[in-house]
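Visitor: Going down the list, the protein sequences come from chains Y and R.
Heads up: the first sequence begins at 3 in the working numbering, then just goes up one per residue.
Heads up: the second sequence begins at 319 in the working numbering, then just goes up one per residue.
Errors might be hidden in some of the hints.
[Unchecked claim] Chain R regions said to be covered by chain Y (calculated; three or more residues, Cβ under 8 Å):
#1 490–496
#2 624–632
#3 647–658
[As the list claims (entries may be wrong)] Each pair of labels, with its calculated beta carbon distance range:
#4 R:L442 with Y:L114: 52 to 60 Å
#5 R:Y681 with Y:K97: 16 to 24 Å
#6 R:Q403 with Y:Q117: 39 to 47 Å
#7 R:V374 with Y:G17: 16 to 24 Å
Just so you know, these hints were derived from the structure itself, not from any lab.
By construction, the Cβ of each residue, glycine as well, lies at the ideal position given by its N, Cα and C atoms.
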Amino acid sequence: MEEPRRNLLRWLLGGGLSASLISFLYPAFKFMNPPDIPEASVNEVSAGKVQDLKPNTGKIVKFGSLPVLLVRTTETEWSAFSAVCTHLNCTVQYKESSHQIWCACHNGLYNLNGQVVSGPPPHPLEAYSVHIRGDEVVVSRRA
Amino acid sequence: MASATEPPQQQGGWLEERLGLAAIRAFLAHKTVPVHAHTLWYYFGGITLFLFTIQVMTGTLLLLYYRPSPAEAYESVQFIVTRVQFGWLIRSIHSWSANLMILSAFIHMFSVVFLRAFRRPRELTWLSGIALLGLALAFGFSGYLLPWNTVSYFATKVGTDMAAAVPVVGHNMARFLRGGNDVGGATLTRFFGFHVAVLPGITTMLLLAHLALVQKHGMSSPRWAVEEYRRKGQSVPQMPFFPNFFLRELMAWYAALGVLGSLAAIFPWELGLKADPFAPAPAGIRPEWYFLAPFYTLKLIPSHVLVFEGELVGLAGFGLLALWWVALPFWAVDRKGVERTRWVTGAGVVLLAYLATFSALGYWR
Ligand code: FES
Chain Y
3 MEEPRRNLLR WLLGGGLSAS LISFLYPAFK FMNPPDIPEA SVNEVSAGKV
53 QDLKPNTGKI VKFGSLPVLL VRTTETEWSA FSAVCTHLNC TVQYKESSHQ
103 IWCACHNGLY NLNGQVVSGP PPHPLEAYSV HIRGDEVVVS RRA
Chain R
319 MASATEPPQQ QGGWLEERLG LAAIRAFLAH KTVPVHAHTL WYYFGGITLF
369 LFTIQVMTGT LLLLYYRPSP AEAYESVQFI VTRVQFGWLI RSIHSWSANL
419 MILSAFIHMF SVVFLRAFRR PRELTWLSGI ALLGLALAFG FSGYLLPWNT
469 VSYFATKVGT DMAAAVPVVG HNMARFLRGG NDVGGATLTR FFGFHVAVLP
519 GITTMLLLAH LALVQKHGMS SPRWAVEEYR RKGQSVPQMP FFPNFFLREL
569 MAWYAALGVL GSLAAIFPWE LGLKADPFAP APAGIRPEWY FLAPFYTLKL
619 IPSHVLVFEG ELVGLAGFGL LALWWVALPF WAVDRKGVER TRWVTGAGVV
669 LLAYLATFSA LGYWR
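Excised from the complex, chain R in its bound form (with noise of 0.2 Å):
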C-alpha cells in the first residue's frame, strides 16, 4: 500500500506509477479468441463498433453546419453536399457507414443465433445486444427525417402512424414522437435531439454494459467445436487477443473502411427532393433496405383481419414477433436444461428467409 511517506516506485516509471499499466498488460495478456473453422464470425461485433465510431466522427462533423428546421435542414444538407469542402463526402460516409453498421449489426446477431453463443450465462450479452440492435433502428430512423426530404418525410409519416395503432397509449406515443398531431418542424427537432443527443447517451452506456459482459464471459466456443476437440482429448485451441486478434481485427477494420470509402466515394449519397407537405406521396416510395420487409409486410395485409384492422393485426404481428427473438435465449433450452438446438437453428433460418424474401419483394414490387 502507497503511503505519503513511500519512495516512488521506479520500476515502470512515472505513468506506470499513475496509471497502473502492468494490470492492463496482464488483463489483455488473459483474454484469449477460440480458434476454429467459424472464427470468421468473432469479426462482425469489432466492426460494428468500428463502424460507429465512424458515424460518431462523422456526425460531429456534419453538426457543424447541419439545421434542425424545416425552413433550413433541406437547404443545410444541400449546401454541406454543394459548397463544403469535402461534405459530400463526409455525409454520403455518415449514410453508408449507418448503413453497413446495420448490416454489419444483423450479420453478428444471426451468426451469435447459429453458433449459440447466446447460451447460459450469456443471456444478458444477448438483451443487450438486441436493445444495441433495437437503437441502431432508431438511429436509422431518426437519422432519416434531418435532411428533410419527401421520401423521409413520408417515411416518418407512416412510421409514427405505426405507433399510433397501438391501443390505448398509441395516441399519446405517436403524439410525443411527433412533437404534436402531425409530422411536421416539431418532429424535426424532436428527431434531431433524439439523433444527436438521447441515442447517442444511451447506446454509449447500452454498449460500454455489452462489451463488459463480452469481457466478462469470454468468448463463446460453439458446442460442435468443444465436443470435437474434446475426443481428442484437448480443448478449443485459443489466440490471445491481444496482439494477435487484436492486429487481425485492425486488418478487418482496414477492410471494412476500403468498402465504405468506396461505396460512399462512387455511389455519393442522395439528397432527393424537398419535402413539401401538400405534394402526394410519390410513385415508388420506399423506406430504408433494413424497413422493407415490414413495408412489404403492411402492403400485404387487407384493411381487415376478421373484425381487425389491418395494420394493427401487423403492428401485432411485429411485436409478438420481436418478442419470441428478443426471447430467444430463455426457449432456447428446455425445462430439465437440455438445448432445442433445431429450433434455434430453424428459428434462426425462418426469420432470414423472411427477411430476405420480404426485402427483396419490397424492393423490387
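So that you can see chain Y by itself, here it is in the shape it has in the complex (with noise of 0.2 Å):
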C-alpha cells in the first residue's frame, strides 16, 4: 500500500514542478523570438538623375531597406544588382578598375552579369532591371 501511495505522490510531484517549469519557460522562449514586422515591399525606386552618375562607376542605392548596387557601365548601359553577398551578408562594390563587382569581406568578385568569378560567394548576385524616363533613373525588381 505504501510503494505505490509514494510512487503515485512522485509522480504528481515531479509532474506538477515540470508543468510549472514548461508554463514558465514557453512564454519566455517565445518573447525572445523577434516578431514579424512586415515590410511595405517596394517594387521600384528612382536611383537619381542620369547625369548623377558618371559611365564606369556604381553606387548603392536604398530599395526599401536593402541595398541595391547600380552601375553605370558605359555611356548608355546601366545594371543593377543586389548589394548584399551571397557569401555572408556583406555590402557589395563595383570596383572600376576591373569593372567587377567586389566584396571586401572575404573578397568575392562577381562579373557585370552578377556571377560569381572568384571567391567565397556561392550564388550569383539577384539582378534588378533599370531603366531610363526622361532624365530619371529607375531601379525596379525583375519580374
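From these two lone chains plus the hints, build me the complex, please.
Guide: As C-alpha cells, this is what we get:
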C-alpha cells in the first residue's frame, strides 16, 4: 500500500513541477523570438538623375530596406544587382579598375552579370532592372 | 554549539564571532602552490580574473553615458571619448583590457594543455574553463558592435550570417541573435542586453564554479615534476598560497595593469566611422585578432566543396574542431588509462600553429 502511494505522490510532484517549469519557459522562449515586422514591399525606386552617375561608376541605392548596387557601365548601359553578398551578407561595391563587383569582406568577385568570378560567394547576385525615364534612373525588381 | 544563554566568545573579538575568520585563515593556510620550473604559468588564470574585474568596473562606468540605439550609440561613444573627463581613457582601457583578457585566457588554456593540468579529476575544471573562454569571445563579439561603427556593423553581419548557415535551426538562430531578419537597431539593443546582463550573469556563476573546482582539487603539478622529485624521494615543493603566492600574483597584476595602462594611454582605441547600412563594406575590413583565424579560413574556402556550400563546410569544420578540443581530457587517456602524452602535445602545437599562421595571414593579406 505504501509503495504505490509513494509513487503516485512522486509522479504528482514531478509532473506538477515540470508543468510549472514549462509554463514559465514557454512564454519566455516565445518572447525571445522577434515578431515579424511586415515591410512595405517596394517594387521600384528612383535612383537619381542620369547625369549624377558617371560612366564606369557605381553607387548603392536604397531599395526599401535593401541595398541595391546600381552601375553605369557605359554612357548608355546600366545594370543593377542586390548589393548583398551571397556569401555572408556584406555589402558589395563596384570596382572601376577591373569592371567587376567586389566584396571586401572575403574578397568575393562578381562580373557585371552578377556571376561569381572568384572567392567564396556560392551564388550569383540577384539582378534588378534599370529604366531611364526622361533623365531619371529607375531601378525595379525583375518580374 | 552556541545558544542564546551562552556568553559570547571573547577570543578573536566581535568580527571573529560573526564571521568565523579563524576558519578562513585556516583554509588559506592549507592552500599551497607547487614550485617547479613552470610555476610562472600559474599566474595567467589570476591575470585573466584581474582583467575581468577591470572590465566590470570600466564597463559599469561606460554604462553611465552609453545609449544602445542606432541613432545614438555612435554619438554617445563619441561623447564619452571627446567630452567626458577621462572618457577616452576609460573606453580605451575597456577595449584594451578586453583584448588582453582574451590573450591571457588563451595563454592560460594552452599552459593547461602543455602542463596537462586537465587530467583526472580536473575534467570539469577544463570544461568550465573552456565555457568561460567561449563567454569571453561572446563578450568580445557583442561588445564590438556597441559603438555602431562600420567595421563592427559588417563584422556582426558576417558573424550572425554564419549562424544562419547552420542546417535546420540556423535561420531561427540568426533571427534570435539579430532580433529580426537583418542586423539593425534591434540587434544593437539585443547585443547590449547580452553584453551587460546575460553574459555577466552566466559568467559570474561559471567563474565561481571554476574557482571552486580549482580550490577543491588544488593546483596540478606536471607529471614530470612529480617523477623528478619522487626519484629523489621527495614530493614537489609547495609555497603557501597566502601570503606568498598571493603577493606574487598581486605583483603580476601590477605588471598587467602597467601594460594595460600604457597601451590604453599610448594607443587610445579608435572609434572609426559611424555604421551606414547603405555603404559598401570598406576595403581592408577584418575582425578583432581573436577571430582572424576563422576569418581567413573562410576567405580561403571556395564557394563549393564537392556538393556543399563553402560556408557550411567551414562551419562544420570549426564545429568539429571545437568539439574535439573541448573533449580533450576525454581522449587524452586511452581505454586502459594510459596517457596519450604525444597526442596532446601534438594537438596543442598544431592548434597553436594554425591559430598563429592564419591570424597572421588574416592580418596581413
Ligand atoms: S561576405 Fe562577401 S565574400 Fe564573404
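Visitor: Does each hint fit the structure? Answer for all of them.
Guide: Going through the hints against the structure:
1. 490–496: holds (count 4)
2. 624–632: Three-residue rule met by the stretch 624–632 of chain R, so holds; n is 3.
3. 647–658: It is violated: at least three residues are needed, and the stretch 647–658 of chain R offers just 0 whose Cβ sits closer than 8 Å to chain Y.
4. R:L442 with Y:L114: 52 to 60 Å: Distance hint for L442 (chain R), L114 (chain Y) holds at roughly 57 Å.
5. R:Y681 with Y:K97: 16 to 24 Å: 23 Å, holds
6. R:Q403 with Y:Q117: 39 to 47 Å: Roughly 55 Å apart at Cβ, these two residues miss the hinted range, so it is violated.
7. R:V374 with Y:G17: 16 to 24 Å: Violated: the Cβ-Cβ distance is about 41 Å, outside 16 to 24 Å.
This entry does not satisfy hints 3, 6, 7, going by the numbered hints stated previously.
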